[in-house]
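Start from the sequences, fold in the hints, and give me the full structure.
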Amino acid sequence: AVWTEARIMKQLAELRTPFVNAALAIWQDENYVYVASPWHANALDNYIMTFQAMPSGPPPKVMPPTMFRIYAAELLLALDGLRAAGVVHSDIKAGNVLVSPSGHLSLADYDCSYVGLPTSDDEYWDTKLSGFTGTVEYQAPECVFGLNRYNDIDWTDPASAALLATPRADMWSLGLVLLEFALQESYPFFLCCYDDLKRAGDDWEASMLAMSGILESWEFEDQLQVHAELYPTVKSFLSKVSLAPISSCIMS
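If you read the sequence shown in this note's numbering, its first letter stands for residue 1210, the second for the next number, and so on.
Rather than coming from a laboratory, the hints here were simulated on the basis of the structure.
Heads up, some of the hints might be wrong.
[Said to hold, decoys possible] DEER-style ranges, computed between Cβ atoms:
no. : residue 1 : residue 2 : range
1   : Asp1405   : Trp1212   : 18 to 26 angstroms
2   : Glu1239   : Lys1407   : 41 to 49 angstroms
3   : Gly1422   : Asn1240   : 40 to 48 angstroms
4   : Glu1414   : Tyr1243   : 35 to 43 angstroms
Cβ atoms here follow ideal geometry from the backbone N, Cα and C, with glycine treated the same way.
Set out below in structure tokens:
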């Protein structure tokens, strides 16, 4: 995992991929591998907390729609750059998005990532997972339903498509991050909304079972309680993401 992450960070630096945490330098001694990267002030989940109301503190701030659009564009550019580099992140969440001292975002933490995927612009490419990676609350439905059948998978069957890591799954995870940002919620969206997932705690199997049930019955509109000033922006963004290529979402 260390070498995979170092390799990805080096590759992203060479490609000058925007809005990612790329390596400035990599070296090693007899015992350790070292990766130097730019310093960041905070992670996105902590940054979101600055918009929330605190006990005996000032009222919560409302994120301007312009800020949402800028941050959405930065993360979409980062995801587009990963795809161009043949990388599937597999663990996109607010805690893995860093905030620079100047306020820009940087997608980080590639220890769960997959490399060497084809980089065609015309179609999505899938790669088999070798086991569970990432964070349950941010897994895309196709990954959750496959991972929930983990013990029943025939790993010797090359035709098995039960577990896949895809750029589509990364887009789902990114959508949840942006939804949390728009809701100004610093905890995982599904974890805040569903008691079954809260009760599962650190039990991986119970969490996967809970997420399967949630995703089978979940209707997005029922949970979309975005602040009135952000609602048109979020709805417009989500409709473009679902229907258009990444580049057109960015241009909009």
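* To do: For Asp1405 and Trp1212, compare the CB-CB distance with the range 18 to 26 angstroms and indicate the outcome.
  => violated, 38 angstroms
* Asked: Is the gap between the beta carbons of Glu1414 and Tyr1243 within 35 to 43 angstroms?
  -> holds, 36 angstroms
* Asked: Has the hinted range 40 to 48 angstroms been met by the Cβ atoms of Gly1422 and Asn1240?
  -> holds, 45 angstroms
* Asked: Falls inside 41 to 49 angstroms, the C-beta gap from Glu1239 to Lys1407?
  -> 45 angstroms Cβ-Cβ, so the 41 to 49 angstroms window holds.
The structure fails hint 1 only (numbered hints given earlier).
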